[in-house]
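**Q** So the chains spell out like this:
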Amino acid sequence: MSLLAKQLIERSCFLPALASTTRTGALGELTPGLGDAVIHPAEFFAEVEAREAMQSTDTGRGIAFPHARSESVKRLALSVGRSAKGIRFRDSQPPVHLIFLLGIPPAEIPAYLECVAWLVRTLREAGVYDRLLRAESEEALRAVFLGMEGKT
Amino acid sequence: MQAPVSNPSLPGKNRSALLRFRKLLPLLEWLRPRDLQITLFFAGLIGFLGAISSEIFRYLTSFANFLFTQHQSAGLTESFAAIEWWQRILIPTLGGGAAGAVLMLSAHFIKQRRTTDYMEAIVIGDGVISTRQSLLKSLSSLFTISSGGSIGREGPLVQLSAMCASLLGRITRVSRPKLRLFAACGAAAGIASAYNAPISGALFVSEIVLGTTAMEIFGPLVFSSVVATLTMRQFSGGEPLYQIPHFALGSNGELVFYLVLGCAAGIVAPVYLGFLRRVESTAAGWSQPVYLKMALGGLVVGLLAVWYPQVCGNGYSSVDAVLHGRWPWQELALVLIAKLISTSATFGSGAVGGIFTPTLFIGAGCGYLFGTVVQMFGGFSGVEPGAFALIGMGAFLAAATRAPIMAIMMIFELTLDYEIILPLMLGCVVAYFTAGSLPGEAMYKETLRRKGRWQFDEELRRVTVRDITKPNPAAVLPGASFAEICSSFQALRHSFLYVVEESGLFLGVISLHDIKRFLSEPDLADVIIARDLLRTDFPVLFPDDPLSTVFEKFAHHEGERVPVLDPAGHLMGSVSKADALLAFAERPDRA
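So the protein sequences, as listed, match chains D and R.
Position 103 of the first sequence, counting from 1, maps to 103 under this note's numbering, and the rest follow consecutively.
In short: position in the second sequence from 1, add 1000, done, that's this note's numbering.
These are computed hints drawn from the structure, not numbers from a lab.
Hints are supplied without guarantee of correctness; some may be wrong.
What the hints assert, rightly or not - Stretch-level coverage of chain D by chain R, calculated; a stretch enters the list once three of its residues show a Cβ under 8 angstroms from a Cβ in chain R:
hint	stretch
1	49-58
2	64-70
3	76-83
4	117-126
All C-beta atoms, glycine included, are put in the ideal place defined by N, C-alpha and C.
Could you build all of it, start to finish, from the sequences and the hints given here?
**A** Structure, rendered in structure tokens:
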């Protein structure tokens, strides 16, 4: 686990039970979790929606990585949400249960790629996805990721 | 613009493509020829063609000389020495008249305004050298040289070689800057094959014609020169042009005399060039037809040849005689004067040819006479006048061409004697600075200036981004997947990949630097698209921007290319640093 990814997880917000049942609603719930990293949440939200409209970040395995590189973001930030019922990002794909919303400042492309690559790689590991779905609290969710330290 | 890459939506396909790309990347990177490698390939081909055209011209000259004199001798001087006195007068006169008639017919029947001069085509033209006019000029030169005209054959050799290169460039439809580079490679090949001197061939064009040694230009010139020389050696062997006795520096004190010789060459060379130009401008003022003028030039050579057949031809065998000390200094002084008059007569009459080799003879002769004086009065018993002839040849060349590095390398390559290098360097540099402090311009610079300096400035103003733009740059759509982006980088081998809307609207670039650490991350293929990696703070050019703007952009930009947009922001093409440098090399103040 890289230092950058560790810091990102430590700073990130975890919502174990998203109330929304739609993509837009879920993104609306997750955006405040980015905290003061986002200067203009409304603009950022619109840019995330535009990015999803261009090409969905739904991986087809119950996980999505909505994100936007935006002037409204002053530092790299992550907000994680979980939905037991699942949320449809694309009609052709199964529902998404884990959503990782990333806010990226325009200049930080390598840092952004490093974090995304780490997240995707970690979530591909056997058992991680199931443990995240079973975790009972925000702390437990965070612990799943931090528990991966030294393994990736 | 090429069609932007579309975005397939199958994640698994993306990932497998990325994995394949990772495995093949090193091999594909290694195998794919770059622009410079393609240029070098053509430079080699140009070198080969240049050498072949030079060999054909040499053969035709010898054959025509045999027809004129009915003597199969080693050189022009020898064949003229073997014929009757009246033939020595008649043959150069008839040859001059025939050469003039060819030039007249060429001007009469070919009305096109394309340049025939390789130097003009490279420096101020578009790299296009008229094939028909070049062939006719070479035919005229063939008559002059084979009938004993006192002029060098390196002129037509370089002309023909550059013509072949220009023709090859037009057939392969290269860009304008590249066509000029091809013509320059042809000129370098011509010099290299004329003197069996590959380093001098490249330096002649880079130092005298282009005024730059930027590697993007010098590299292909060297490649072309080397191939030309190797090809020539298949025909005539690898021996240096002049077989000289071994010269050794007796003591360091002798260097003082070489220094004085450099000064003297620096003073005499501008006088020599001025004399040639006065004769030429006087003859140009005469209203007689060119065939009569050239016949008169031939007559002057013929009359001198009755007593001094050494004046015939380019002076190669005369230089050889001087270096070996075959003539007493008194006879050499007379031959030198006769050669100066005959070269002026031939050159001034408008004959097509070079004055490079005749200049070598004048330098060698002056150096030998200077060495004789040193031998008589200098107090150094071991001094060889032949050594002074050699250094005089280089110093005179450096002063006349104002290209000392080329002069040093030329003499070194002509003799392949390392012992002479120290006095040679000293003499050439001193001659160069001495000539530079005197009025008058260099041998070739004057030629270009007379062709109209104003044309240079006009040409520079006309060079815009539009002239050096390469159309159809590869680009991707903002929705292109990470795998497609990686494949595009691999195919293009550029540091930046352009991103455009389907309408062609330019959005920005993706930097290879940003993503290269993640090329081995196949999982990103599902998540990342071009839009996520877009950089918009990227320099752009517009078609009407001048060359100076191009360099301003490159001064603050690490990439090799800058995109060119139309006024509405659509991607039209790109400008490469190499093409901008090529255009820059042809600036008038560097000619």
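**Q** Please go over all the hints and tell whether each is borne out by the structure.
**A** Checked hints:
{"no.": "1", "hint": "49-58", "in the structure": "holds (count 4)"}
{"no.": "2", "hint": "64-70", "in the structure": "holds (count 3)"}
{"no.": "3", "hint": "76-83", "in the structure": "violated (count 0)"}
{"no.": "4", "hint": "117-126", "in the structure": "holds (count 4)"}
The structure shown violates just one earlier hint, number 3.
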